[in-house]
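*Asks:* Sequence:
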Amino acid sequence: MRFVIVTGMSGGGKSTAIHMLEDSGYYCVDNLPISLIEKFVELILVPESGITKVALGMDVRGGEAFREVPAVIDTLREKGVPVEVLFMETSDQVLVKRYKESRRLHPLANGGRIEEGIKREREILSGLKEKADYIIDTSKLLTRELRIELNRIFVENATYNNLIVTILSFGFKYGIPDDADLVFDVRFLPNPYYVEELSPQTGNDKPVQDYVKSFPECGQFIDKLEDMLTFLIPGYIKEGKYQLVIGIGCTGGQHRSVTIANELFARMYGKGNYGLKISHRDVDKARKSFVPPQA
1 MRFVIVTGMS
11 GGGKSTAIHM
21 LEDSGYYCVD
31 NLPISLIEKF
41 VELILVPESG
51 ITKVALGMDV
61 RGGEAFREVP
71 AVIDTLREKG
81 VPVEVLFMET
91 SDQVLVKRYK
101 ESRRLHPLAN
111 GGRIEEGIKR
121 EREILSGLKE
131 KADYIIDTSK
141 LLTRELRIEL
151 NRIFVENATY
161 NNLIVTILSF
171 GFKYGIPDDA
181 DLVFDVRFLP
191 NPYYVEELSP
201 QTGNDKPVQD
211 YVKSFPECGQ
221 FIDKLEDMLT
231 FLIPGYIKEG
241 KYQLVIGIGC
251 TGGQHRSVTI
261 ANELFARMYG
271 KGNYGLKISH
281 RDVDKARKSF
291 VPPQA
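Using the UniProt record's numbering, the first residue of the sequence shown is number 1, and each one after it goes up by one.
In case anyone wonders, no lab produced these hints; they're calculated from the structure.
Note that the Cβ used here is the ideal one computed from N, Cα and C, for glycine as well.
Do not take every clue at face value.
Across the chosen pairs, the derived CB separations fall in these ranges [as the list claims (entries may be wrong)]:
#1 SER279 x GLU226: 35 to 41 angstroms
#2 PRO207 x ASN110: 56 to 62 angstroms
#3 SER15 x ASP210: 43 to 49 angstroms
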């Protein structure tokens, strides 16, 4: 039996997660009254029910009774029920943006500011988040990436740590990413921009990749960076960090940073118990604003 409680911030992707679990064969119930949880568990644990995988969605719409959920989870675990808690997290900034774009009201805003509702919700959810077995931050996750993570945890039964690592290429001329935890400057490498046939291409194109990688210092840099991240990431996991953004920057975010970000992603993929994604923030921006270098 797998019994998963799906909860988290309103607007954080809880409903999407429940639908994905349902597609994976889970029997799903959303927003069951807190007072009925223990009775519901008794019914599904009966062998005749034929139910082996359950996902129960819960959020602050349950009112003040929602504060009782951590105690209910403790009670169920004491009775031997294998309760797993999936907490859907999202940054305040992204939540505000999602609510404004959808023109929905936050359930705890009471007609006031969205930020006030989010602040109150975080306070209510603090105890439940501490009991979470899995925390997935959807601030920068695409829907397909969320499906991969959920499949990894609840279908493949793979070992999972809450950390999601994003390798992000960018151009310094467009600013350092606000959410970058670690920033590495690769402008010390020769710039393909000044090679006529490579200028309009990007680090996603093989000729540019071959050019950048042809310099010994490129391989040395990636070797050292990979070694450092292999050392650092387990420490971040141990400390409970669930989002790590590694910024790789060059001048315009078109050639060198994209090449190195791609190579680093290829080396790190599948090597640790953490989610890994890659993003090229400025590659299209750089291509659109391309001006051939002057001879």
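*Asks:* Could you run down the list of hints and mark each one as holding or not?
*Replies:* Hints, verified against the model:
1. SER279 x GLU226: 35 to 41 angstroms: The hinted range 35 to 41 angstroms is violated for SER279 and GLU226, with Cβ atoms some 18 angstroms apart.
2. PRO207 x ASN110: 56 to 62 angstroms: holds, 58 angstroms
3. SER15 x ASP210: 43 to 49 angstroms: holds, 45 angstroms
Of the numbered hints stated above, the single one contradicted by the structure is hint 1.
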